[in-house]
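Visitor: Read off the chains here:
Protein chains: 4
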Amino acid sequence: MSKIGFIGLGIMGGPMAANLVAAGHEVAGYNRSRAKVDQLVADGGTAASSVAEAVAGAEVVFTMLPDSPDVEAVVLGEDGVLAHAQRGALLVDCSTIRPDTARRVAEAAAQREVRALDAPVSGGEPKAIDGTLSIMVGGAADAFAAAEDVLGAVGATIVHVGPAGAGQTVKAANQLIVAGNIGLLAEALVFLEAHGVDTEAGLDVLGGGLAGSSVLNAKGAKMRDREFGPGFRLELHHKDMGIVQAAAREAGLTAPLGTLVAQLVAASVAQGDGALDHSALLKQITQLNGRS
Amino acid sequence: MSKIGFIGLGIMGGPMAANLVAAGHEVAGYNRSRAKVDQLVADGGTAASSVAEAVAGAEVVFTMLPDSPDVEAVVLGEDGVLAHAQRGALLVDCSTIRPDTARRVAEAAAQREVRALDAPVSGGEPKAIDGTLSIMVGGAADAFAAAEDVLGAVGATIVHVGPAGAGQTVKAANQLIVAGNIGLLAEALVFLEAHGVDTEAGLDVLGGGLAGSSVLNAKGAKMRDREFGPGFRLELHHKDMGIVQAAAREAGLTAPLGTLVAQLVAASVAQGDGALDHSALLKQITQLNGRS
Amino acid sequence: MSKIGFIGLGIMGGPMAANLVAAGHEVAGYNRSRAKVDQLVADGGTAASSVAEAVAGAEVVFTMLPDSPDVEAVVLGEDGVLAHAQRGALLVDCSTIRPDTARRVAEAAAQREVRALDAPVSGGEPKAIDGTLSIMVGGAADAFAAAEDVLGAVGATIVHVGPAGAGQTVKAANQLIVAGNIGLLAEALVFLEAHGVDTEAGLDVLGGGLAGSSVLNAKGAKMRDREFGPGFRLELHHKDMGIVQAAAREAGLTAPLGTLVAQLVAASVAQGDGALDHSALLKQITQLNGRS
Amino acid sequence: MSKIGFIGLGIMGGPMAANLVAAGHEVAGYNRSRAKVDQLVADGGTAASSVAEAVAGAEVVFTMLPDSPDVEAVVLGEDGVLAHAQRGALLVDCSTIRPDTARRVAEAAAQREVRALDAPVSGGEPKAIDGTLSIMVGGAADAFAAAEDVLGAVGATIVHVGPAGAGQTVKAANQLIVAGNIGLLAEALVFLEAHGVDTEAGLDVLGGGLAGSSVLNAKGAKMRDREFGPGFRLELHHKDMGIVQAAAREAGLTAPLGTLVAQLVAASVAQGDGALDHSALLKQITQLNGRS
Numbered sequence: 001m002s003k004i005g006f007i008g009l010g011i012m013g014g015p016m017a018a019n020l021v022a023a024g025h026e027v028a029g030y031n032r033s034r035a036k037v038d039q040l041v042a043d044g045g046t047a048a049s050s051v052a053e054a055v056a057g058a059e060v061v062f063t064m065l066p067d068s069p070d071v072e073a074v075v076l077g078e079d080g081v082l083a084h085a086q087r088g089a090l091l092v093d094c095s096t097i098r099p100d101t102a103r104r105v106a107e108a109a110a111q112r113e114v115r116a117l118d119a120p121v122s123g124g125e126p127k128a129i130d131g132t133l134s135i136m137v138g139g140a141a142d143a144f145a146a147a148e149d150v151l152g153a154v155g156a157t158i159v160h161v162g163p164a165g166a167g168q169t170v171k172a173a174n175q176l177i178v179a180g181n182i183g184l185l186a187e188a189l190v191f192l193e194a195h196g197v198d199t200e201a202g203l204d205v206l207g208g209g210l211a212g213s214s215v216l217n218a219k220g221a222k223m224r225d226r227e228f229g230p231g232f233r234l235e236l237h238h239k240d241m242g243i244v245q246a247a248a249r250e251a252g253l254t255a256p257l258g259t260l261v262a263q264l265v266a267a268s269v270a271q272g273d274g275a276l277d278h279s280a281l282l283k284q285i286t287q288l289n290g291r292s
Numbered sequence: 001m002s003k004i005g006f007i008g009l010g011i012m013g014g015p016m017a018a019n020l021v022a023a024g025h026e027v028a029g030y031n032r033s034r035a036k037v038d039q040l041v042a043d044g045g046t047a048a049s050s051v052a053e054a055v056a057g058a059e060v061v062f063t064m065l066p067d068s069p070d071v072e073a074v075v076l077g078e079d080g081v082l083a084h085a086q087r088g089a090l091l092v093d094c095s096t097i098r099p100d101t102a103r104r105v106a107e108a109a110a111q112r113e114v115r116a117l118d119a120p121v122s123g124g125e126p127k128a129i130d131g132t133l134s135i136m137v138g139g140a141a142d143a144f145a146a147a148e149d150v151l152g153a154v155g156a157t158i159v160h161v162g163p164a165g166a167g168q169t170v171k172a173a174n175q176l177i178v179a180g181n182i183g184l185l186a187e188a189l190v191f192l193e194a195h196g197v198d199t200e201a202g203l204d205v206l207g208g209g210l211a212g213s214s215v216l217n218a219k220g221a222k223m224r225d226r227e228f229g230p231g232f233r234l235e236l237h238h239k240d241m242g243i244v245q246a247a248a249r250e251a252g253l254t255a256p257l258g259t260l261v262a263q264l265v266a267a268s269v270a271q272g273d274g275a276l277d278h279s280a281l282l283k284q285i286t287q288l289n290g291r292s
Numbered sequence: 001m002s003k004i005g006f007i008g009l010g011i012m013g014g015p016m017a018a019n020l021v022a023a024g025h026e027v028a029g030y031n032r033s034r035a036k037v038d039q040l041v042a043d044g045g046t047a048a049s050s051v052a053e054a055v056a057g058a059e060v061v062f063t064m065l066p067d068s069p070d071v072e073a074v075v076l077g078e079d080g081v082l083a084h085a086q087r088g089a090l091l092v093d094c095s096t097i098r099p100d101t102a103r104r105v106a107e108a109a110a111q112r113e114v115r116a117l118d119a120p121v122s123g124g125e126p127k128a129i130d131g132t133l134s135i136m137v138g139g140a141a142d143a144f145a146a147a148e149d150v151l152g153a154v155g156a157t158i159v160h161v162g163p164a165g166a167g168q169t170v171k172a173a174n175q176l177i178v179a180g181n182i183g184l185l186a187e188a189l190v191f192l193e194a195h196g197v198d199t200e201a202g203l204d205v206l207g208g209g210l211a212g213s214s215v216l217n218a219k220g221a222k223m224r225d226r227e228f229g230p231g232f233r234l235e236l237h238h239k240d241m242g243i244v245q246a247a248a249r250e251a252g253l254t255a256p257l258g259t260l261v262a263q264l265v266a267a268s269v270a271q272g273d274g275a276l277d278h279s280a281l282l283k284q285i286t287q288l289n290g291r292s
Numbered sequence: 001m002s003k004i005g006f007i008g009l010g011i012m013g014g015p016m017a018a019n020l021v022a023a024g025h026e027v028a029g030y031n032r033s034r035a036k037v038d039q040l041v042a043d044g045g046t047a048a049s050s051v052a053e054a055v056a057g058a059e060v061v062f063t064m065l066p067d068s069p070d071v072e073a074v075v076l077g078e079d080g081v082l083a084h085a086q087r088g089a090l091l092v093d094c095s096t097i098r099p100d101t102a103r104r105v106a107e108a109a110a111q112r113e114v115r116a117l118d119a120p121v122s123g124g125e126p127k128a129i130d131g132t133l134s135i136m137v138g139g140a141a142d143a144f145a146a147a148e149d150v151l152g153a154v155g156a157t158i159v160h161v162g163p164a165g166a167g168q169t170v171k172a173a174n175q176l177i178v179a180g181n182i183g184l185l186a187e188a189l190v191f192l193e194a195h196g197v198d199t200e201a202g203l204d205v206l207g208g209g210l211a212g213s214s215v216l217n218a219k220g221a222k223m224r225d226r227e228f229g230p231g232f233r234l235e236l237h238h239k240d241m242g243i244v245q246a247a248a249r250e251a252g253l254t255a256p257l258g259t260l261v262a263q264l265v266a267a268s269v270a271q272g273d274g275a276l277d278h279s280a281l282l283k284q285i286t287q288l289n290g291r292s
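Residue numbers (our numbering), protein chains in the order written: chain A, 1 to 292; chain B, 1 to 292; chain C, 1 to 292; chain D, 1 to 292.
By construction, these hints were calculated from the structure, which means they are not laboratory data. Just so you know, not all the hints are guaranteed correct.
[Unchecked claim] When the alpha-carbon atoms are kept at most 27 Å apart in a straight line, the in silico DSS-like pairs for lysine-lysine are as follows:
id: 1; chain 1: C; residue 1: 283; chain 2: A; residue 2: 283
id: 2; chain 1: D; residue 1: 283; chain 2: B; residue 2: 283
id: 3; chain 1: B; residue 1: 283; chain 2: B; residue 2: 222
id: 4; chain 1: D; residue 1: 283; chain 2: D; residue 2: 222
id: 5; chain 1: A; residue 1: 36; chain 2: A; residue 2: 239
id: 6; chain 1: A; residue 1: 239; chain 2: A; residue 2: 283
id: 7; chain 1: D; residue 1: 222; chain 2: D; residue 2: 239
id: 8; chain 1: C; residue 1: 239; chain 2: B; residue 2: 239
id: 9; chain 1: B; residue 1: 127; chain 2: B; residue 2: 222
id: 10; chain 1: B; residue 1: 127; chain 2: B; residue 2: 3
id: 11; chain 1: D; residue 1: 239; chain 2: A; residue 2: 239
id: 12; chain 1: A; residue 1: 36; chain 2: A; residue 2: 3
Nothing here was measured: the structure is a model prediction, and the numbers come from that model.
Same shape as in the complex, but just chain A:
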């Protein structure tokens, strides 16, 4: 069992920390808003009143933060994780951030003799609660080996995809494909509706063939009914598409479809739909076609 510091106890981080406790680890949690820390204490963890306190003596430090600048501040900042982590500690950053930031974190960690992994997750709140997240991990092979046990408490599919930053790169590719699939399904739905097709039957037959996808399975029926209730917020996907585009530009790459869908996502956010589930991209495709 490991001594773990966990920073960032939000919708995803909270249940992940609880699952680490449940697996027998000793977890000291820190979060800006105190209520989340109290929840972890109720779940059997201990409260830390600062990053320094969470990190002190930890063998493994988890971070689960909203965006690249947050990770830079909390990990690299003056009073941050690396300033307080013990030599030989393992830093597991589960945030979805820019691959180049992940590489910068890994380099800074190495200088302090901390082993860092970028380990973004997919699956959303339900799988965070169930401890069955998919985790795409970038970093050194020995660090991955050392982390597999603790990661097993929060995820079901845990894959080492390459060196530092590779986890974030795969997550970026994931977000590109997912946004694109939502956009394609939205265009197909409007196309079918406008032609007077029975869309329930239509989605059935589409799902059974080469057009089938996890997006269609998970969201097709709800999109048909224009149900865009709580889920993965469009504004977060917008942030992620920004990461995709920055990473593409950094590597001198072009991705025409990914870029166009990023524009559609940006437009949806600009039009005020940022708080809806990302499948609400359909609202914009519908409106673009003068339908409602």
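With chain A's structure known, arrange chains B, C and D on it following the hints.
Guide: Same frame as chain A, now just chains B, C and D:
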């Protein structure tokens, strides 16, 4: 058991006719090149030396032809199916053509008291041979009911999706989503390769989450290895994207992603890759990025 | 001076026919609605009560019609221009239609020993009235030479750009560039507005450099003020973008920017702006960005 | 006459500094490579061996640097312009950089009681040599008034477009429109070529109508001849499109055409054409269409 005329015994039509024979139907086949007709005779069918002969006395007429003008010529032409079909016959057109052509065929058929269905299929040659195609059917409910038995000999999933043309509309939506998925996967692969990610592990973890799709399952590994061997030819998908765009324009619709991927497919064909499997769209995305 | 039949006396055709009269030609005009014919008579022309009557004995026949099917009906139809034109007559089609239709017309004309030119115009109603249109002409060199005199009465810039269909091809390229320029200017304006820039000064400096264009000169200030009054209707530009796309597909070409702007134009029409000037594309770019 | 420090004596900065000398100003120049400084001395300026020396006692400081990070380093850096500029000095940054960087520079300058203007230019080397650049200026009105005299020595069109950053925003819009125009012209040219049109005549008639543009005038004939000799390098335009996209994202904006042309520019650079004139975008459109 039904008396069936089958016109168009190519890669798809041939095995479909054979499966109708195997199911106990009496099948008279016609094809422009005689060799295909001989094959049907070998399979237990009979040879027709003209459309008229294939159609004479048939309760059901199947057509499986390359494109809209072919269907217009063979069905509506002077010496075509409708000129010879008996009153009350059922016309099942399995070609992938324009929805408006399908509607025109249905109207012309109605005037001759022939009941027409547009019934494009998906699944490719393997499922044509196995008799497990997905079939999306447009037309009147009673015609669909009358056709279900014969369609059961060639398909596993047979769905009535709406009035005349609706089958073609759903097939068009299918082709839009499939081409888009291939394009997105191609962009993701080049993105991962350029960033030095282990793409085998990367595809695994992508396939397990919300980015998963039938395209990724069926073609991901081969695309990784740049294997674009026999399959569904890009030039056929190019034709189909033309149908998507024409049908969208006819209905006053816009589909930004579908249109962009149609451009990428057109470019692949222009560059000479038309005879490769449609997953060869990856070649173009690779080259667009100055990679090889 | 020539004996001219003029078919299609609308917003463009009316003043063109009047200018031919003013230049001393004998013009017999036909139009479906009689009021337009009366106007030509008031301008000094004569009235024809049918296509046949307008064409009878004419050395030159002008057609100025809305779209490809109209030209097919009026020129190729049973009681159309070619059925009645005398041998050796010159057919000048000023409509904006598909290049392949123009080629078909030229071939049919040749079979009747009529020389055909496709001669679409640009410049709009003001230049039609002033007789200063730009005319892009496709067809045989001798036919062009024979037509230069009469074309001089309606246009200021008259250029022979290639064989039959070439005039329509250049017009299609013209419409692609114009729509694209409107779209780019719309995106730039919204970009400047959102950043709080003085757009009057901004447009001034943009117009003076490499970003300058006829579109910016003619429409920039009005777009800034959201004045989309009478002009070239978006729905006509939508029709023209359909021609561009069909001509591109026919030639196996891809045009990513032209295709995307065609989608934006289609969306504007779908949203009900078809009757506004094509600069109203700005409305959609504005709305796409959640602004108003 | 003013005492001027000029930092960055490259292809653009060199002739600008020489024109300031010619107008009677006292110019101390600094450049990383000494040869450029020697040229300025030959032109009548004086040599500075550091930023500090160039800035010492200057009433006006010009900077003309490649990119945002260069401006950040040279202006905001430890031993940079602001560390050495006298109170009340005027900083005129003619570099093309991110609007937000320009705002950051202006804020930092204000804290040192230095008045800053962002003043990117357009017109290229020829107009830099002639002293007839177009200059789009952002900053306070009084700073603009104070700078008009010195700017008159390097530019012919000098427009105040808004507060700090506005000059860069207009320059970004300029680059969006220019790249878009090149892309549209490239698509039109390939379209005309593929259809066998006389492109020389075609460009003439296009240039005379609503499709006319400065890009067509300046580059049309050379593009037709595939002459992509020295000019504005594609890789610099690629950098600028990065600024456009970052500024759009920062403001929550979408610009579909601008974004697509940015992808085409990125692809051209990825394919190795970065050192050619930006009109070489045509190479890629040509190749995309399988032509050469």
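Visitor: Compare the structure with each hint and give your call.
Guide: Hints, one by one, checked against the model:
Restraint check for residue 283 of chain C and residue 283 of chain A: the C-alpha separation of about 18 Å stays at or below 27 Å, so the hint holds. Restraint check: the Cα-Cα separation between residue 283 of chain D and residue 283 of chain B comes to about 18 Å, which is no more than 27 Å; the hinted pair holds. Taking the CA atoms of residue 283 of chain B and residue 222 of chain B, the gap is near 12 Å; set against the 27 Å cutoff, the hint holds. Between the alpha carbons of residue 283 of chain D and residue 222 of chain D the distance comes to roughly 12 Å, so the proposed pair stays at or under 27 Å and holds.
For a cut-off of 27 Å, the pair hint linking residue 36 of chain A to residue 239 of chain A stands: about 24 Å separates their Cα positions. Between the alpha carbons of residue 239 of chain A and residue 283 of chain A the distance comes to roughly 19 Å, so the proposed pair stays at or under 27 Å and holds. At most 27 Å may separate the alpha-carbon atoms for a hinted pair to count; residue 222 of chain D and residue 239 of chain D meet this at roughly 24 Å. A threshold of 27 Å between alpha carbons decides the hint, and for residue 239 of chain C with residue 239 of chain B the separation of about 21 Å falls inside it, so the pair holds.
About 20 Å separates the Cα atoms of residue 127 of chain B and residue 222 of chain B, which keeps this hinted pair within 27 Å; it holds. With a C-alpha separation of about 23 Å, the suggested pair residue 127 of chain B and residue 3 of chain B falls inside the 27 Å cut-off, and the hint holds. The hinted pair formed by residue 239 of chain D and residue 239 of chain A meets the criterion: a straight-line CA distance of about 21 Å does not exceed 27 Å. Distance check on the hinted pair: residue 36 of chain A and residue 3 of chain A sit about 20 Å apart at the alpha-carbon level, within 27 Å; holds.
The structure agrees with every numbered hint stated previously.
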